[in-house]
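Enquirer: Given next are the chains, with one letter for each unit.
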Amino acid sequence: MTYSAGYGDPESGGPATAWRDGWPVYDRSGTVCVIGAGPSGLTAMKNLKEQGFGVDCYERDTSVGGAWNWRHDRSPVYASTHLISSKPFSQFPDFPMPDSWPDYPKHSQVLEYLEHYADHFDLKPHIWFGTEVVKVEPAEGERWDVTTRSTGGYGGERIHRYAAVVIANGHNWSPKRPEYEGLEDFRGEVIHAAQFKDAAQLRNKKVLVIGAGNTGCDIAVEAAQQAARCWHSTRRGYWYTPKYTLGRPADQVNDLMLWLKLPLRARQFLAHRTLKSTVGDLTRFGLPQPDHKIYETHTIVNSQLIYYLGHGAVSPVPDVARFHRNSVELKGGEVIEPDLVVLATGYHPSFDFIDGNLLGVDAHGRPRLAMHAFPKRQPTLAVAGLLQPDSGLFPLVHWQMVAFARMLRVREAAPAKAVAVQRKLEAELDRRWITAKVKDSTRHWFEISHTTYLKAIQRLLDELSLEGAK
Amino acid sequence: MKVLRAREWAFPIAPVRREVRRATPEVDEGKPPVLFVPGFGHGAWVFAEHWLEHTADRGFPAYAVSLRGHGDSAKAPKATLRAYAHDVAQVAASLPRRAVIVGHGAGALVAAHALARYPARAAVLLSPVFGGAGTALRNPMLSLPALFGGGLRLPAGQLFSRELPTSASRGYAARLGRASTRAQWQLLRGRAPQPPVGDPPVLVVGSPDDRIVSDTALRRVARGYGGAPLLFPGMGHDLMLDTRWREPIDAILDWLEKSA
Ligand SMILES: Cc1cc2nc3c(=O)[nH]c(=O)nc-3n(C[C@H](O)[C@H](O)[C@H](O)COP(=O)(O)OP(=O)(O)OC[C@H]3O[C@@H](n4cnc5c(N)ncnc54)[C@H](O)[C@@H]3O)c2cc1C
Ligand SMILES: NC(=O)c1ccc[n+]([C@@H]2O[C@H](COP(=O)([O-])OP(=O)(O)OC[C@H]3O[C@@H](n4cnc5c(N)ncnc54)[C@H](OP(=O)(O)O)[C@@H]3O)[C@@H](O)[C@H]2O)c1
Numbered sequence: 001m002t003y004s005a006g007y008g009d010p011e012s013g014g015p016a017t018a019w020r021d022g023w024p025v026y027d028r029s030g031t032v033c034v035i036g037a038g039p040s041g042l043t044a045m046k047n048l049k050e051q052g053f054g055v056d057c058y059e060r061d062t063s064v065g066g067a068w069n070w071r072h073d074r075s076p077v078y079a080s081t082h083l084i085s086s087k088p089f090s091q092f093p094d095f096p097m098p099d100s101w102p103d104y105p106k107h108s109q110v111l112e113y114l115e116h117y118a119d120h121f122d123l124k125p126h127i128w129f130g131t132e133v134v135k136v137e138p139a140e141g142e143r144w145d146v147t148t149r150s151t152g153g154y155g156g157e158r159i160h161r162y163a164a165v166v167i168a169n170g171h172n173w174s175p176k177r178p179e180y181e182g183l184e185d186f187r188g189e190v191i192h193a194a195q196f197k198d199a200a201q202l203r204n205k206k207v208l209v210i211g212a213g214n215t216g217c218d219i220a221v222e223a224a225q226q227a228a229r230c231w232h233s234t235r236r237g238y239w240y241t242p243k244y245t246l247g248r249p250a251d252q253v254n255d256l257m258l259w260l261k262l263p264l265r266a267r268q269f270l271a272h273r274t275l276k277s278t279v280g281d282l283t284r285f286g287l288p289q290p291d292h293k294i295y296e297t298h299t300i301v302n303s304q305l306i307y308y309l310g311h312g313a314v315s316p317v318p319d320v321a322r323f324h325r326n327s328v329e330l331k332g333g334e335v336i337e338p339d340l341v342v343l344a345t346g347y348h349p350s351f352d353f354i355d356g357n358l359l360g361v362d363a364h365g366r367p368r369l370a371m372h373a374f375p376k377r378q379p380t381l382a383v384a385g386l387l388q389p390d391s392g393l394f395p396l397v398h399w400q401m402v403a404f405a406r407m408l409r410v411r412e413a414a415p416a417k418a419v420a421v422q423r424k425l426e427a428e429l430d431r432r433w434i435t436a437k438v439k440d441s442t443r444h445w446f447e448i449s450h451t452t453y454l455k456a457i458q459r460l461l462d463e464l465s466l467e468g469a470k
Numbered sequence: 001m002k003v004l005r006a007r008e009w010a011f012p013i014a015p016v017r018r019e020v021r022r023a024t025p026e027v028d029e030g031k032p033p034v035l036f037v038p039g040f041g042h043g044a045w046v047f048a049e050h051w052l053e054h055t056a057d058r059g060f061p062a063y064a065v066s067l068r069g070h071g072d073s074a075k076a077p078k079a080t081l082r083a084y085a086h087d088v089a090q091v092a093a094s095l096p097r098r099a100v101i102v103g104h105g106a107g108a109l110v111a112a113h114a115l116a117r118y119p120a121r122a123a124v125l126l127s128p129v130f131g132g133a134g135t136a137l138r139n140p141m142l143s144l145p146a147l148f149g150g151g152l153r154l155p156a157g158q159l160f161s162r163e164l165p166t167s168a169s170r171g172y173a174a175r176l177g178r179a180s181t182r183a184q185w186q187l188l189r190g191r192a193p194q195p196p197v198g199d200p201p202v203l204v205v206g207s208p209d210d211r212i213v214s215d216t217a218l219r220r221v222a223r224g225y226g227g228a229p230l231l232f233p234g235m236g237h238d239l240m241l242d243t244r245w246r247e248p249i250d251a252i253l254d255w256l257e258k259s260a
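Going down the list, the protein sequences come from chains A and B. Letter by letter, the first sequence follows residues 1 to 470 of UniProt numbering. Letter by letter, the second sequence follows residues 1 to 260 of UniProt numbering.
The set of hints was computed from the structure by calculation and includes no laboratory data. Keep in mind it's a predicted model, so treat the numbers as computed, not measured. Treat the hints with care, as some may be off.
Unchecked claim - Under 7 Å between C-beta atoms, here's a sample of chain B residues computed to sit facing chain A:
| id | residue |
| --- | --- |
| 1 | Val3 |
| 2 | Ala6 |
| 3 | Pro15 |
| 4 | Ala89 |
| 5 | Gln90 |
| 6 | Arg98 |
| 7 | Tyr118 |
Claimed, not checked - Beyond 12 Å from chain B on every Cβ pair, some chain A residues (computed):
| id | residue |
| --- | --- |
| 8 | His82 |
| 9 | Pro93 |
| 10 | Gly213 |
| 11 | Trp239 |
| 12 | Leu258 |
| 13 | Thr278 |
| 14 | Gln289 |
| 15 | Ile300 |
| 16 | Phe353 |
Note that CB positions come from ideal geometry on N, CA and C, so glycine has one too.
Turn these sequences into a full structure, and let the hints guide you.
Expert: What follows is the structure, given as structure tokens:
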């Protein structure tokens with residue numbers, strides 16, 4: 001094991017150089033700490049290394065891949081998951097997925113890709129697996145004390161001091177569970193989508209799926225094929241985008257329109273027209289009319305749901321009013337009797353290892369971050385991948401981390417410039433990176449348009465260019 | 001660095017079958033893989049002749065790709081420079097470790113484009129043909145047909161030094177193919193590649209007696225990457241096939257051992 005910066009490796013300890021509440025603190029000097037080895041953590045490590053930083057990564061699971069490691073207890077991915085973003089949007093911009101893979105790779109391929117990325121850039125020697133971060137606290141000189149212990153709490157805690165910290169802990173593992181009257185007395189089985197792994201769980205059951213994010217729609221499609229009956233409850237109407245339009249992956253068509261610089265309204269018009277001529281009028285199936293324009297809610301990409309609605313294998317129903325002992329009452333009065341209820345109601349971000357004030361976390365648990373990544377007055381702290389894009393996440397988080405690594409470099413090489421850039425970022429703390437007026441919901445506060453966001457990153461990278469500064 | 005690439009995303013490069021030749025060292029010493037990229041009209045075979053084995057003998061896993069439409073890769077009469085660069089990035093990213101990219105002739109320009117899309121550990125540009133008006137003016141008889149859709153002509157006399165026996169040089173010349181008309185046009189237009197990602201060290205290698213790349217052109221490319229070219233006087237454009245093929249590859253591998 002070699003470290004390009006720092007002394008004393010995190011395992012053997014080396015000499016303790018400071019103390020915190022009576023505990024020894026091992027100083028890792030200029031090394032940067034990365035929390036989590038999912039896609040965001042991996043690209044953070046790779047880009048920090050590339051710009052000359054030492055990195056230590058802590059991963060509470062036993063392998064890389066995060067959400068894409070579907071065998072991990074906390075993984076939200078299920079056996080049938082395929083990407084919803086096509087390859088050009090789903091790969092790191094400097095590490096293409098193989099040509100031999102399909103337009104929308106399967107979750108196991110995504111994991112293979114991430115494993116290969118970690119090996120190719122020699123990241124694994126920097127990762128401490130089975131190690132959980134339990135505390136991140138500020139130390140003098142804008143540095144950070146990171147407390148870790150082995151996952152599950154065996155063994156003691158250790159504290160290391162880092163020059164900077166990247167929080168890449170993911171936001172799709174802590175289930176968002178709605179409360180319903182009568183839920184505790186309901187005799188049927190109730191699970192959150194996070195516990196759904198395999199279609200066999202649905203076989204021959206009467207299933208109610210609640211929620212029409214991408215997860216809810218995927219599970220409804222599975223239930224249509226496996227279950228004895230499937231109700232799909234949504235509290236509003238949505239636009240269901242097929243995976244292919246005009247013979248190409250739908251997101252590539254969208255970017256074609258963006259490349260042609262069509263304004264949002266024109267894109268919405270064209271998308272509505274295309275959907276009307278392919279998918280048609282969804283109210284025929286008993287679905288509510290969308291209460292918003294396309295691109296105003298997080299895109300649902302699903303070609304099969306409409307197909308199974310057409311077969312009568314999925315029955316659309318309205319929002320749930322309350323649970324009874326043996327049945328579920330819907331808004332509007334209808335009563336159904338499912339034996340399995342799947343709450344596909346999404347996930348909460350969770351940062352329980354750090355004082356929420358440092359991230360500006362509000363009463364709803366949402367941090368206040370410039371570009372959804374950079375907290376106020378904490379130039380050595382960044383959150384990676386806390387984005388809900390209208391495309392794939394990987395390119396976006398890659399550029400976030402290129403920018404953060406550069407920012408740290410500029411802090412050393414041209415401190416005044418770093419302060420100026422930080423100020424500018426902070427001036428846009430509440431800015432949203434989307435042109436469409438997104439629907440107010442619990443899940444859209446970090447919805448972004450990839451073009452708007454990448455333009456902002458481009459500007460940031462240009463400002464951080466060191467040419468002429470030295 | 002260009003972050004927004006809507007056009008590239010809207011029009012991904014079509015996949016093709018690619019020929020990749022390789023030579024593996026007997027023991028893995030942990031040295032980085034080296035990926036050779038042949039120039040226009042050349043296939044992976046030009047490196048398989050001497051350099052691949054030699055590179056592997058010195059402990060580096062060695063690979064050579066035939067750009068689409070070349071060697072035993074699938075035909076691609078409409079290929080663009082971007083498609084060629086895509087071929088290089090695809091092979092580089094498939095290797096077990098971060099690769100060194102070595103491009104020859106117009107393949108050096110392809111490599112330079114690939115460096116903007118893959119963070120190579122290091123790069124070597126051999127007798128680089130970066131195109132533009134200079135290339136055409138120095139080689140009017142070779143480039144003129146290209147302007148009218150013909151192949152860039154590469155006669156044996158232009159590619160090899162006199163030291164190479166005529167039978168060998170004729171044999172090699174007979175195996176040459178051609179790049180697509182579109183890519184030739186793009187080469188002559190000479191749009192500069194985007195800067196490399198990941199800040200790799202870049203070495204430029206050539207010969208002052210190269211009859212395709214002038215000394216000035218060679219120095220200009222080297223200067224663009226902040227250095228001076230490493231020169232092998234007396235050798236022809238196709239360094240890897242010439243009689244003294246061993247000298248440049250040894251110098252390149254020595255440099256790699258020091259800098260990558
Ligand atoms: C079903 C499903 C399908 C999806 N499909 C797509 C898609 O098609 N395209 C797309 O771009 N995105 C998709 N996503 C979004 C997906 O979340 C991202 O692709 C990606 O996995 C996010 O990566 P991450 O590294 O930020 O988080 P994660 O993948 O969640 O990784 C976080 C890592 O941090 C570790 N960790 C957390 N807390 C700690 C701690 N305290 N200490 C140590 N380690 C910790 C976790 O163990 C985990 O390994 C999908 C998500 C789901 C749920
Ligand atoms: N195949 C894939 O690649 C794939 C598959 C699944 C998920 N994903 C991604 O993973 C992330 C999470 O997706 P997700 O589908 O799990 O969650 P999500 O996008 O947050 O969707 C949650 C759904 O549940 C509804 N909901 C939330 N709270 C509710 C409540 N109290 N009562 C009734 N309905 C409620 C929401 O309705 P509102 O519209 O009112 O908010 C929404 O329809 C997304 O980024 C998604 O794109 C990708």
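Enquirer: Evaluate each hint against the coordinates.
Expert: Results for each hint:
| no. | hint | verdict |
| --- | --- | --- |
| 1 | Val3 | holds (4 Å) |
| 2 | Ala6 | holds (4 Å) |
| 3 | Pro15 | holds (4 Å) |
| 4 | Ala89 | holds (6 Å) |
| 5 | Gln90 | holds (6 Å) |
| 6 | Arg98 | holds (6 Å) |
| 7 | Tyr118 | holds (6 Å) |
| 8 | His82 | holds (17 Å) |
| 9 | Pro93 | violated (7 Å) |
| 10 | Gly213 | holds (24 Å) |
| 11 | Trp239 | holds (21 Å) |
| 12 | Leu258 | violated (5 Å) |
| 13 | Thr278 | holds (19 Å) |
| 14 | Gln289 | holds (30 Å) |
| 15 | Ile300 | holds (20 Å) |
| 16 | Phe353 | holds (31 Å) |
Checked against the numbered hints listed earlier, the structure breaks hints 9, 12; every other hint is satisfied.
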